[in-house]
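Student: Spelled out, the chains give:
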Amino acid sequence: MTTPVLQAKGITKRYGRVTAIESGDLELYPGEILAVIGDNGAGKSSLIKALSGALIPDSGEIYLDGQRVVFRNPMEAREAGIETVYQTLAVAPGLDIADNLFLGREQRKPGVLGSVFRMLDRSGMRSEAQRHMSELGIGTLQNIGQAVESLSGGQRQAVAVARSAAFGSKVVILDEPTAALGVKESNRVLQLIRDVRDRGLPVILISHNMPHVFEVADRIHIQRLGRRATVITPKSHSMSEAVAIMTGAAAAPPPVA
Amino acid sequence: MTAAVKETEGFETQRNESLTTKIQHVLHANPVFGPLAVLIVAIIAFSIVNPRFFSAPNLSLVLAQVTVIAVLALGQTLIILTAGIDLATGAIAVFSSILMANFCVKLGVPGILALILGLICGTVMGALNGFLVTRIKLPPFIVTLGTLTIFFSLNSVVSKSETVRGSDMPDIMSWTGTTIPIGGFRLTYGSIIMLVLFAFFFYALGRTAWGKHVYATGDDIEAARLAGIRTNRVLFSAYTVAGLLYAVGGWILIGRLASASPNVGTEYNLDSITAVVLGGTSLFGGRGGVLGTLIGALIVGVFRNGLQLGGVEVVWQGFAIGLLVLVAVSLDQWIRKVKS
Numbered sequence: 001m002t003t004p005v006l007q008a009k010g011i012t013k014r015y016g017r018v019t020a021i022e023s024g025d026l027e028l029y030p031g032e033i034l035a036v037i038g039d040n041g042a043g044k045s046s047l048i049k050a051l052s053g054a055l056i057p058d059s060g061e062i063y064l065d066g067q068r069v070v071f072r073n074p075m076e077a078r079e080a081g082i083e084t085v086y087q088t089l090a091v092a093p094g095l096d097i098a099d100n101l102f103l104g105r106e107q108r109k110p111g112v113l114g115s116v117f118r119m120l121d122r123s124g125m126r127s128e129a130q131r132h133m134s135e136l137g138i139g140t141l142q143n144i145g146q147a148v149e150s151l152s153g154g155q156r157q158a159v160a161v162a163r164s165a166a167f168g169s170k171v172v173i174l175d176e177p178t179a180a181l182g183v184k185e186s187n188r189v190l191q192l193i194r195d196v197r198d199r200g201l202p203v204i205l206i207s208h209n210m211p212h213v214f215e216v217a218d219r220i221h222i223q224r225l226g227r228r229a230t231v232i233t234p235k236s237h238s239m240s241e242a243v244a245i246m247t248g249a250a251a252a253p254p255p256v257a
Numbered sequence: 258m259t260a261a262v263k264e265t266e267g268f269e270t271q272r273n274e275s276l277t278t279k280i281q282h283v284l285h286a287n288p289v290f291g292p293l294a295v296l297i298v299a300i301i302a303f304s305i306v307n308p309r310f311f312s313a314p315n316l317s318l319v320l321a322q323v324t325v326i327a328v329l330a331l332g333q334t335l336i337i338l339t340a341g342i343d344l345a346t347g348a349i350a351v352f353s354s355i356l357m358a359n360f361c362v363k364l365g366v367p368g369i370l371a372l373i374l375g376l377i378c379g380t381v382m383g384a385l386n387g388f389l390v391t392r393i394k395l396p397p398f399i400v401t402l403g404t405l406t407i408f409f410s411l412n413s414v415v416s417k418s419e420t421v422r423g424s425d426m427p428d429i430m431s432w433t434g435t436t437i438p439i440g441g442f443r444l445t446y447g448s449i450i451m452l453v454l455f456a457f458f459f460y461a462l463g464r465t466a467w468g469k470h471v472y473a474t475g476d477d478i479e480a481a482r483l484a485g486i487r488t489n490r491v492l493f494s495a496y497t498v499a500g501l502l503y504a505v506g507g508w509i510l511i512g513r514l515a516s517a518s519p520n521v522g523t524e525y526n527l528d529s530i531t532a533v534v535l536g537g538t539s540l541f542g543g544r545g546g547v548l549g550t551l552i553g554a555l556i557v558g559v560f561r562n563g564l565q566l567g568g569v570e571v572v573w574q575g576f577a578i579g580l581l582v583l584v585a586v587s588l589d590q591w592i593r594k595v596k597s
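Taken in order, these protein sequences are the chains called A and B.
Quick note: the first sequence, position 15, residue 15 per our numbering, numbers continuous.
Quick note: the second sequence, position 202, residue 459 per our numbering, numbers continuous.
Extracted from the complex, chain B is given alone in its bound form (with noise of 0.2 angstroms):
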């Protein structure tokens, strides 16, 4: 009579293994799937709590909002997929801003010249990361983790903690918070920008083989070393390429705060990876994708945003958001146990 009952449960048990088990191949062929299956049911509860959600004005609001946060995620996605972090993210972003305003403001510096400088600047700032992890040999954590407090240090001592307005600075500047409407929509430059980008390392990354070679890197770097790519240059692609992002993002900030303020962006750095994680690319290397990011990214801007429509305190925003990225992570953990 035991006997019985205990091979009917492990008969239930290998039932229902093997459903879990379709679910976690396909999520591991398809990553994208399980933050695009949030993303969608987050929109749907939001828009059911309050319709005022699901309208024109409110989506632009969204898109808006994550737009720079998207960007500098995009620069994480790469460093992440090395297997590596970037913790000065935020840094370099709103350095890049201040440094910008003030190549106009201070040494009036054409708006079209400020812009390429600081855009020069960032990238510099990205490559000393690269330098450091690819030359010294020091962990990606505490190289961006010493460089994130350096940036912050001379931000503050380049801005003398002082905001520059967006009407003081060359129209450029402020540039990419001008919206184009499409119907009820408001699209701004800052968007459009995001998105090229984007689709630009959609491609870089699936079609071209710096791509291929990102993730070999990030997934096993002896075995990348061994079958004769460059790794160290790969890694140093990866850093100064997410500098001149985070450069991009800084930008865009000018245009969404229209100003330059050195006192934002101490979020940015989590916030990124945060988008990285929920988009579902993994934080140990090689796994993941851009497209992912996006999503992670709109995931976060529709969680604020919802909640907040919904009468959820702002205190309990950062909670829920908590909540999501634990579940990715051990999601991901999950995923990457499939068995062959």
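Just chain A, same shape as in the assembly (with noise of 0.2 angstroms):
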């Protein structure tokens, strides 16, 4: 059996009286995208948090690569290599797509010019930026130099997911990266999930969306009650089995490795 590249221990986090989550459990595998579904108020939000360093959980452990990490602020989390993708999309309207791609990491021209003049390597940021794109099959997608306010909410989607691809060397978090667009802009997502997938980056999707979440996840785990309720695959049940789980209609079958 594989070590799982992100894994959860028995996170709990109490707001006063309120449980947000109690002894919350998650694997990550490698290479593989896994979908967190669960109903407003499961803990599904508070779990993740906690993974990207977003929230300090009460009692728990977090496990990358095997070993036991723990993170005060999503910097952090983000120094050891997981990325979010926020639902309130990161990203600085007036600055290009290259620029928001490096925003928090720019890169100085090497030599003197970027030691004493600060000055940034804005041609090799560009290229670069421009790989990173191409690589995603979105490099076609708009003129890299062209502000974000500019483009179309998939568009906008599409940086926030390549720089976290881009960046990301072990996790890439995305929080309901499909929730404001259109179909074929969703689908455009879609496309952009399983790409950094195969990229070898194992995903953490959250959605609320089953079409999508079915389309795309290797494996599902369900949130009810502030609890993991179990684990299950796009094969092994059908989507209205899925939400029974989720609203306690159904009994949570054992979970699938």
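The set of hints was computed from the structure by calculation and includes no laboratory data.
What you are looking at is a predicted structure, and each value in this text was computed from that prediction instead of being measured.
Beta-carbon label-pair distances, calculated as ranges:
#1 S152(A) with F541(B): 15 to 25 angstroms
#2 Q146(A) with T406(B): 39 to 49 angstroms
#3 A180(A) with S418(B): 58 to 68 angstroms
Using N, Cα and C, we set each Cβ at its ideal position, and we do this for glycine too.
Need the complex rebuilt from these two chains, each delivered in its own frame; the hints are there to steer you.
Tutor: Spelled out as structure tokens, the structure:
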């Protein structure tokens, strides 16, 4: 049995008397897309926030490649190789695609120009941005020097996903990436998610959209009442069965490996 | 019949839209074009009205007149780019100039040291604004409204409302007002400092990571934070650097007036905002730049001077500039609505 890339064990978070998540477990294996579904308040966003460093759990452990890790803020999770694309798109609309891709980790020119004059390596970043975008099949999308605000919702999402794929060395977490998109754009983003996985990066996908989940996920983690109810696969269960488990209408089957 | 008319009308409006949309797109991609066009048209118009306008001595005067406001507006630009506003601009500049003058005259500090101390004081005042904005989390408008009042009050206390004459101060204080003739043109050292500062910040905002972070923070502070930018640091640096720039403005002011007077500068606060807005920098942050601000400051100077030479009474100059500001802000709103 392979070690999970990312594993959560017994994550608990309480807000006063409200328990957001109770001994939450999660395993993400290499090369897979793990969808996390659950009703509102089931604790999926708390679980994800704990994994991405946005929330410090009261108890529980997180393992990255079998090593225990503790994240005190999102930057630490990112440095460890976990990239998260938040639902509120973390892009600066006024900056161009290349600038956004490198936002917060700009590269300077080599030599005196970079060290003394702090000059950014614009052409270097642009060609690298172009390379990342084409690797994901979105290179022909737009001019790399175009402001992000002039892009459509799906194209912005593509930029955000490309950024996480370009810099995430271990795990990419996507929070509702297709929530605000039309049918065509959703399909492009779903394809993009598959492309990220096929490049070897495992993906955690949080979504409310059952057809999207069943289309791309390798395994589906169902969260219910602050706990993991079970893990199923799109082959083993139907969409309505998944919803039944999610809402408690059906008993949860034992999880698949 | 009616249906046919309607169709034609619909078609016409659509065609008109596509033309204006084109202009909208061009201005959106190049925000400097608008202000530049206004400046060029104004220069041509004023030169026709009064040929004396486009003479070397007069243009030298215009540049000397806008130098202080341009430097203050440069600092203001940094803050407005972060979606903030600085009402204490003029107060910091004037108080810094008073401190510099009093360091030399009252305390007998050597000129160069008094200058450096004055610049440090301005920087600290800016840093105080930055501290209140980032740590106490007060809105920039409130913070700078408070410090504006405090700095002007301290200014009166320190100066005892007395003007220090330039001749009583070491030469370095009024050095910024000395001119070097270039043909018929007389360039002050203050203007040279101003242009160098603009070139420096043009580079810093456009070619360094700090500049990108200033834009990203002003554009969407939450997105910037999630992208790993330490937005509080960026904001604090913008206010602090702006404070230093205001103090430099105060130094240039001493050269311009050949004195350090505590009773000037109340209008500088709003004038600096006017220059920034006329230059196409958006008050909502994240859009614009220092090149626009330089043009904006020149527009104010050209209008004031040109209207005067054209025989327009002083009272109407403010009217014209106020009108320009309203047009500039409306234009900014319209450009922001650009469709993808």
